[in-house]
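Asker: Listed here are the chains, written in short residue letters.
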Amino acid sequence: MNAHQSLAIGQPLETLEAVSPAAPKADAMVRFEGVSKIYPAYRGKPGVNALQDIDFAIQRGSITGVIGRSGAGKSSLVRLINGLEKPTTGRVIVDNSDISALAGRELRLAQRSIGMIFQHFNLLSSRTAADNIALPLEIAGWAKADIKARVAELLALVGIADKHDRYPSELSGGQKQRVGIARALATRPSVLLSDEATSALDPQTTRAILDLLAKINRELGVTIVLITHEMSVVRQLAKEVVVLDAGHVVESGHVADIFTHPEHPITQSFLAEVIGDSLPVSLASRIVAEPSAGGQAVIRVQVRGAGAGDTLVARLARELSLDVSLLSARIDEIGGQHVGSLTLGIPGGEDAVTRALAWLSQYQFSAERLGYVA
Amino acid sequence: MSPELINLIIQATGESLYMVGIAALLGTAFGLPLGVFLATSRKGELFSAPAVNRVLGIVVNATRSTPFIILVVAIIPFTRLVAGTSIGSTAAIVPLTIASTPFIARLVEAAIREVDGGLIETASSFGASPIQIVLKVLIPEALPGLLLALTLAVVSLLGYSAMVGAVGGGGLGDLGIRYGYQRFMPEMMLAVVVVLIALVQLVQSAGDYLARRVNRRLRQR
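Protein chains in written order, with my numbering: chain A, 1 to 374; chain B, 375 to 595.
Treat the hints with care, as some may be off.
[Said to hold, decoys possible] With a straight-line Cα cutoff of 25 Å, these simulated DSS-like cross-link-like pairs (lysine-lysine) come out:
| # | chain 1 | residue 1 | chain 2 | residue 2 |
| --- | --- | --- | --- | --- |
| 1 | A | K144 | B | K417 |
| 2 | A | K148 | B | K510 |
| 3 | B | K417 | B | K510 |
| 4 | A | K86 | B | K417 |
| 5 | A | K215 | A | K239 |
| 6 | B | K510 | A | K45 |
| 7 | A | K215 | A | K148 |
| 8 | A | K86 | A | K45 |
[Claimed, not checked] Here are some, though not all, of the chain B residues that point toward chain A, as calculated from beta-carbon distances under 8 Å:
| # | residue |
| --- | --- |
| 9 | G501 |
| 10 | I505 |
| 11 | L517 |
| 12 | D582 |
| 13 | R586 |
[Unchecked claim] So the derived label-pair ranges between C-beta atoms look like this:
| # | chain 1 | residue 1 | chain 2 | residue 2 | range |
| --- | --- | --- | --- | --- | --- |
| 14 | A | A103 | B | V456 | 38 to 46 Å |
| 15 | A | G141 | B | A423 | 25 to 33 Å |
| 16 | A | I331 | B | A423 | 54 to 62 Å |
| 17 | A | G104 | B | I461 | 31 to 39 Å |
| 18 | A | R69 | B | G491 | 22 to 30 Å |
| 19 | A | K45 | B | V568 | 53 to 61 Å |
| 20 | B | A484 | A | D55 | 22 to 30 Å |
| 21 | A | R188 | B | E495 | 18 to 26 Å |
| 22 | B | L526 | A | R218 | 29 to 37 Å |
| 23 | B | Y583 | A | E333 | 18 to 26 Å |
| 24 | A | A140 | B | D490 | 20 to 28 Å |
| 25 | A | R69 | B | D582 | 42 to 50 Å |
| 26 | A | R218 | B | D490 | 29 to 37 Å |
| 27 | A | K45 | B | L391 | 49 to 57 Å |
Everything labelled a hint here was simulated from the structure, so no lab data went into it. Cβ atoms here follow ideal geometry from the backbone N, Cα and C, with glycine treated the same way.
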């Protein structure tokens, strides 16, 4: 929106008016407009309201995470984007065409501009790596020579040129997913859907695959939609996030904004997975409700924002002349913002704790008293 | 054993192979598409047509539950219509084909249903048509199972072919009944049984070998 407005300055008014309503739509790669998806009752199973009142847009060229617990509606959402399912109400616009209105041959043509990778890779066991990558091209009716050249190019792009003639059963999980990515990119799609693509991989391989996706986004400009239940995936790769819970979008926006100020409990629980909200066992077991002579009060300070926590302990100690001790700390970076918490020990009785809490709230730090240790 | 008798065995073996070979080919030609359709036409599947699926299922079951010898006799008018005659090896191909088609269809259906449903979804997601999914995904992925199914069908056909002697179909089974049993020639009966055992072993080994060759799921080192 802003980008468009600055672009429009100085242009003749009629052009501005002609372009204005369409501009934000053109910026969106995927747009949900009042979408709901209801699976009707069937053979004694009750109906399911998988998605309700879904309205959001995924910007062209972005990497957007769609995060939710199992059953939140993630799978339905991804199947609506690639046209495998029709919304019960509303529209799903992909690359400026209403995919929810297409059927048959038109739908199949549109699907060629949407690549998808899967948790279990879904490679054909009867085809080599190269032939798996060739499959969407054969389906699209490419000439043999063109397919051969394109496959070689894709194998090199995903870094497994030497696995050309290997069957999936001879490849590791990470290599299989690289084949999956190459296959998804074969027809030069404008959007790549990743459905839990790293959930079956170990942490190192996950990291490598996410780096590859980042490279693809950077070099090819492909819009990437990451469907995941793992906060670490969103944190490593996504710039935008949509938090899904029980069929509703509960929060959406920049990753940094959403996770520095999580409002919905589900978002907070995802954040807790990364930064942890539990104390070390040895500390937790020593905390008591009543102060003891010569002991310390334990307070926890939430740290949010760029460089927020850097000098906090030093300043608190210096400005209030307190021998603050650092009992436990966990600070991580999400979207360039610091997110975490510090657990501090404040000696000197009730008066010192009150002063410390007042000082923290003066600087907009949220803090709570957990108890006391001897 | 006299040269005449050996010639009889060779001739009967040729008749058996002719009947079984052609019936297996025709049975596959009809049974493969039928089996693929049965495997993909339940509600919500690729060629969703639940009513047709149910009707075909009943027809297939009815054909399979009819004892073969009764089928042979019952369809004699139809055999005469198709083959121009109701006796001889060529005529026998008609009931053999009709018996093997539903059998092969059920085996094909089972093999196709073994293919991971995620692959159908994958192919659909990149815009494959239902026909492309069958030809490029389902059949290639089910190939090891399909080859084993065909092997089983050929072995069963060899058994069925022993019964078409009843309509003058000839073949090894007919030879065994007429010479080995009715003329009381135990050596002829033994020879027929040995040839049949050898044929079944050969077919089964060839089928197993081919199925292993095309199976890329677990590669032998």
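Asker: Decide, hint by hint, whether the structure agrees.
Answerer: Hints and how they fare:
no.: 1; hint: A/K144 / B/K417; in the structure: 36 Å, violated
no.: 2; hint: A/K148 / B/K510; in the structure: 17 Å, holds
no.: 3; hint: B/K417 / B/K510; in the structure: 22 Å, holds
no.: 4; hint: A/K86 / B/K417; in the structure: 17 Å, holds
no.: 5; hint: A/K215 / A/K239; in the structure: 14 Å, holds
no.: 6; hint: B/K510 / A/K45; in the structure: 34 Å, violated
no.: 7; hint: A/K215 / A/K148; in the structure: 23 Å, holds
no.: 8; hint: A/K86 / A/K45; in the structure: 20 Å, holds
no.: 9; hint: G501; in the structure: 4 Å, holds
no.: 10; hint: I505; in the structure: 11 Å, violated
no.: 11; hint: L517; in the structure: 6 Å, holds
no.: 12; hint: D582; in the structure: 18 Å, violated
no.: 13; hint: R586; in the structure: 13 Å, violated
no.: 14; hint: A/A103 / B/V456: 38 to 46 Å; in the structure: 42 Å, holds
no.: 15; hint: A/G141 / B/A423: 25 to 33 Å; in the structure: 27 Å, holds
no.: 16; hint: A/I331 / B/A423: 54 to 62 Å; in the structure: 60 Å, holds
no.: 17; hint: A/G104 / B/I461: 31 to 39 Å; in the structure: 51 Å, violated
no.: 18; hint: A/R69 / B/G491: 22 to 30 Å; in the structure: 24 Å, holds
no.: 19; hint: A/K45 / B/V568: 53 to 61 Å; in the structure: 57 Å, holds
no.: 20; hint: B/A484 / A/D55: 22 to 30 Å; in the structure: 46 Å, violated
no.: 21; hint: A/R188 / B/E495: 18 to 26 Å; in the structure: 22 Å, holds
no.: 22; hint: B/L526 / A/R218: 29 to 37 Å; in the structure: 54 Å, violated
no.: 23; hint: B/Y583 / A/E333: 18 to 26 Å; in the structure: 58 Å, violated
no.: 24; hint: A/A140 / B/D490: 20 to 28 Å; in the structure: 23 Å, holds
no.: 25; hint: A/R69 / B/D582: 42 to 50 Å; in the structure: 47 Å, holds
no.: 26; hint: A/R218 / B/D490: 29 to 37 Å; in the structure: 33 Å, holds
no.: 27; hint: A/K45 / B/L391: 49 to 57 Å; in the structure: 52 Å, holds
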